[in-house]
Amino acid sequence: MTMASYFQIITNMLAVAVALSAPYIFAAIGEMFSQKSGVLNLGVEGIMMLGAFTAFYFSWAYDNILLGIVMAMVVGILMGLLMAIVSITLKADQGISGIGVYMLGWGIASTLFRLFIGGVQSISGLQDLQIPILGQIPYLGKILFQHNIMVYLALLLVPASWYILYKTPWGLKVRAVGTTPRAADTMGINVIKTRYQCVIIGSMLAGLGGAFLSVAQANMFANDLIAGRGFIAIALVYFGRWEPLGVLKGALLFSLANAFQRWFQISGISFPYEITVVFPYVLIIVVLAFSYKKFSEPTALTVPYDREFKG
Amino acid sequence: MNKVINKVLFNVTILLFAFLVALILGSVILLIAGVNPLFAYKAMIINPIFSVYGLSEAVVRAIPLMLVGIGISIAFRSKMINIGAEGQLQLGAVAGGAMALAFAGAPKIILIPLTLLAGFMAGGLWGGIAGWLKAKLSVNEVLSTVMLNYIAFQIYLYLIRGPLIDPAELAYGTGVPQTQRMPDSALFDRLILGQRIHSGIFVAILIAILVYYLLWKTSFGFRLRAVGEEPKAAKYAGIKVNKYLVLAMILSGGLAGIAGSVEVIGVHHRVLEGLSANYGFTGIVVALFGSLHPIGVIPASFFFGLLLIGAEMMQRAVDIPSAIVISIQGLVILSVVSSNIILRNPAYRKKFEKLIFNKKLLFWR
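Chains as they are written, first to last, in the numbering used here: chain A, 1 to 311; chain B, 312 to 676.
One chain only, chain A, in its complex shape (with noise of 0.2 Å):
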């Protein structure tokens, strides 16, 4: 092979993981938000389940994709209340309630889908922007600026939510109840409220990420569509560090492996399916066993708060 098409191959395998990292970085950011107000929302994949056929759903019945992926948000909205009022309000163990946000995401996206789909069907999906002269720009073009108007919605995600949670008085609320609600409360915050909007955003994001798979990438649906990628995206914030730029990097870095992974099948390089298969979450339990550092986790992580409480 010569220089060039090894060059060729690297540009398409980062163009790959740039488009891939979109519904990591949507559902990853969202529940940074969640858990840095102190609420560990397991229920993501549950809701990107849902988000996916609902957005797959009304673009391909009303064949409208804007519509499918603002339907796709307001799913999320309202499993983020129902996460918010169950963790929050009624103070339910975050670990379990989240398990039931997925179930019932999951059944509720597969019964649906069934009455209403029946089986497989296709849309033709977001098409992708052509930049005029940035996107001429010979492999980086390629990499960066040849990809649909979700990706660039993600990558402005990161930087907007920095801003967001480090220089605003909304962000700096949310850290104080993630990390000393009682103080916060103090001082007159409203730990309660604060809580339920980032839950509420949390969940709207996962549902945009699940939109995302459904109507910009897969162009279709199946129960199997997600695949765990709600999970991976809670470990990825805690590889992030409850960071926004360590959440892009942890994202753009597992895309890139499963890039590779993607091209590594069709390759034609023998080598057992199983194991390519298996190969990015066992990638996720080692990044989990080698990022963790308690000493970064929002302090107030999983407990919910209770002004009654004399200790």
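Misleading hints may appear alongside valid ones.
The calculated label-pair distances, taken between Cβ atoms and stated as ranges, are [to be verified]:
hint, chain 1, residue 1, chain 2, residue 2, range
1, A, D224, B, I343, 21 to 29 Å
2, B, G416, A, T302, 47 to 55 Å
3, A, D224, B, F531, 37 to 45 Å
4, A, L134, B, N347, 53 to 61 Å
5, A, D224, B, V629, 23 to 31 Å
6, B, K554, A, I164, 39 to 47 Å
7, B, V339, A, I10, 45 to 53 Å
8, B, K551, A, L81, 39 to 47 Å
9, A, M3, B, G585, 33 to 41 Å
10, B, K546, A, D128, 54 to 62 Å
11, A, I10, B, K554, 43 to 51 Å
12, B, A658, A, T302, 23 to 31 Å
13, B, F531, A, N190, 43 to 51 Å
If the Cβ cut is set under 10 Å, some of the chain A residues that face chain B in the computed set are [what the hints assert, rightly or not]:
hint, residue
14, G43
15, I85
16, G107
17, Y273
18, E274
Below, computed lysine-lysine pairings styled on DSS-like, alpha-carbon distance capped at 30 Å [claimed, not checked]:
hint, chain 1, residue 1, chain 2, residue 2
19, B, K543, A, K91
20, A, K173, A, K249
21, A, K91, B, K662
22, A, K91, B, K318
23, A, K167, A, K193
24, B, K554, B, K314
25, A, K193, B, K546
26, B, K314, A, K91
27, A, K249, B, K528
28, B, K546, A, K91
29, B, K318, B, K447
30, B, K419, A, K91
31, B, K447, B, K390
32, B, K661, A, K91
33, B, K543, B, K390
34, B, K554, B, K662
35, B, K447, B, K662
36, A, K91, B, K390
37, A, K173, A, K142
38, A, K91, B, K665
39, B, K318, B, K543
40, B, K419, B, K447
Don't read these hints as lab results, they were simulated from the structure.
Note that beta-carbon positions come from the ideal geometry of N, C-alpha and C, so glycine has one too.
With chain A's structure known, arrange chain B on it following the hints.
Chain B alone, transformed into the frame defined by chain A:
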């Protein structure tokens, strides 16, 4: 004794109320799907009771649910959220199947325990990995068990497609991914002619009683529960917290593994694709509904076994997808964990006791 009865009565009342709330919320989903909720619930919960087939199949599902549910109760009691039972069950199934095939000539009395042991070890290993990752490297067990589920599933598929595939499938070129039929000496007896209900139910109930004894009547069980209740206090009392986390996960995964091997030698008589019908997840609901108590899990598993077969019968009869039962289970989880705010508050229990005892609603007092 009276105190125990009061507590159980209170718990059961609250749980049934939580279940009712879940059904009411579930009816919203059914209405969106364009299904009459009353019709669907009757088809799911009432109809299977009136046929031998329905009851037999409910028990067939209750057996793995009971084993998985007890395992998950052990893990939850030590505050390990094990949602990896699905993978642990699959590995237990394939290990048990391999064991039964390898020692096909052995007599029943040896082969069945051996098969179950293989299932326990494979599932226990898989659970133990998550426990070790948590204890040593603080890896969130929910995430690690989910990832281990995906990995286990691929190992399972690889084994039944490759090394363990039925030679007949290769010879005829059909290539259905399943093992040979298990030897007769490894099989649980069928209890009713023409139905699938099998003697594994006695094994499951026996294990429930043994685990009850282990958790509440031995110092091992006391320490295991102490680790979950109050990890700091347990540590100061000299309990090796990390050791008990790993042990709880080994036991939890091991029981899910036994459930897998029971499915092989009790129901399918082969290791095949689609062997676990999400029992790993329904087991979580069963454990919560059984108040994380091995004895409570017994009725809970029958109840959800009924719901599962009811949903399947409903799908066959009127084409309402049985997946609806997954969302109802999700709602049950949410309403049961939410009801803890009532269950854990002694003031509510006092009120409840006053309500039923002082007003003489209980006629036997």
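Hint by hint, here is what the structure shows:
Against the hinted window of 21 to 29 Å, the Cβ-Cβ separation of A/D224 and B/I343 comes to about 23 Å, which satisfies the hint. Hint check: B/G416 to A/T302, Cβ distance near 53 Å, so the stated range 47 to 55 Å holds. About 40 Å separates the C-beta atoms of A/D224 and B/F531, a value consistent with the hinted range of 37 to 45 Å. In this structure, A/L134 and B/N347 meet the distance hint of 53 to 61 Å, their C-beta atoms being roughly 56 Å apart.
In this structure the supplied range 23 to 31 Å holds for A/D224 paired with B/V629, their Cβ-Cβ distance being about 26 Å. Under the hint 39 to 47 Å, the C-beta atoms of B/K554 and A/I164, about 44 Å apart, fit the expected range. Under the hint 45 to 53 Å, the C-beta atoms of B/V339 and A/I10, about 50 Å apart, fit the expected range. Between B/K551 and A/L81 the beta carbon distance is about 42 Å. The supplied range of 39 to 47 Å therefore holds.
Checked against the given bound of 33 to 41 Å, the beta carbons of A/M3 and B/G585, roughly 48 Å apart, lie outside it. In this structure, B/K546 and A/D128 meet the distance hint of 54 to 62 Å, their C-beta atoms being roughly 56 Å apart. The hinted window of 43 to 51 Å between A/I10 and B/K554 holds, with their beta carbons roughly 47 Å apart. Between B/A658 and A/T302 the C-beta distance comes to about 25 Å, which sits within the given range of 23 to 31 Å.
For B/F531 and A/N190, the hinted distance range of 43 to 51 Å is satisfied, since their beta carbons lie about 46 Å from each other. A cut of 10 Å between beta carbons decides the hint on A/G43: the least distance to chain B is about 9 Å, and the hint holds. Hint status for A/I85: holds, given a least beta-carbon distance of 8 Å to chain B, under 10 Å. Checking A/G107 against chain B by beta carbon gives a least distance of about 3 Å; that is within 10 Å, so the hint holds.
Using the Cβ-Cβ criterion of 10 Å, the hint placing A/Y273 at the interface with chain B is satisfied: the shortest such distance is roughly 8 Å. Checking A/E274 against chain B: minimum C-beta separation of about 4 Å stays under 10 Å; hint holds. Note on B/K543 and A/K91: the hinted pairing holds, with a Cα-Cα distance of about 22 Å set against a maximum of 30 Å. Between the alpha carbons of A/K173 and A/K249 the distance comes to roughly 25 Å, so the proposed pair stays at or under 30 Å and holds.
Restraint check for A/K91 and B/K662: satisfied, since their Cα atoms lie roughly 21 Å apart, inside the 30 Å limit. A threshold of 30 Å between alpha carbons decides the hint, and for A/K91 with B/K318 the separation of about 22 Å falls inside it, so the pair holds. Our distance criterion of 30 Å between C-alpha atoms is met by A/K167 and A/K193, whose separation comes to about 20 Å. Taken as a hint, the B/K554 and B/K314 pair is broken in the structure, with Cα atoms around 34 Å apart against an allowance of 30 Å.
For the proposed pair A/K193 and B/K546, the alpha carbon gap of about 36 Å is over 30 Å, so the pair is violated. Using a Cα cut-off of 30 Å, the hinted pair B/K314 and A/K91 holds, with the two alpha carbons roughly 27 Å apart. A distance of roughly 50 Å separates the Cα atoms of A/K249 and B/K528; the hinted pair therefore is violated under the 30 Å criterion. Between B/K546 and A/K91 the CA atoms are separated by roughly 26 Å; this keeps the pair inside 30 Å, and the hint holds.
Distance restraint check for B/K318 and B/K447: the Cα-Cα separation of roughly 38 Å exceeds the 30 Å cut-off, and the hinted pair is therefore not satisfied. At most 30 Å may separate the alpha-carbon atoms for a hinted pair to count; B/K419 and A/K91 exceed this at roughly 50 Å. Restraint check for B/K447 and B/K390: satisfied, since their Cα atoms lie roughly 16 Å apart, inside the 30 Å limit. For the suggested pair B/K661 and A/K91, the alpha carbons sit about 21 Å apart, so the restraint of at most 30 Å is met.
A threshold of 30 Å between alpha carbons decides the hint, and for B/K543 with B/K390 the separation of about 13 Å falls inside it, so the pair holds. Using a Cα cut-off of 30 Å, the hinted pair B/K554 and B/K662 is violated, with the two alpha carbons roughly 40 Å apart. Simply put, B/K447 and B/K662 have alpha-carbon atoms about 44 Å apart, too far for the 30 Å limit, and the pair is violated. In summary, the hint linking A/K91 to B/K390 is supported, as the alpha carbons are separated by about 16 Å, within the 30 Å threshold.
Note on A/K173 and A/K142: the hinted pairing is violated, with a Cα-Cα distance of about 40 Å set against a maximum of 30 Å. Only pairs whose Cα atoms come within 30 Å are accepted, and A/K91 paired with B/K665 is accepted, the gap being roughly 26 Å. Proposed proximity of B/K318 and B/K543 is supported: the alpha carbons are some 27 Å apart, at most 30 Å. At roughly 41 Å between alpha-carbon atoms, B/K419 and B/K447 are farther apart than 30 Å, so this suggested pair is violated.
The earlier numbered hints that this structure contradicts are 9, 24, 25, 27, 29, 30, 34, 35, 37, 40.
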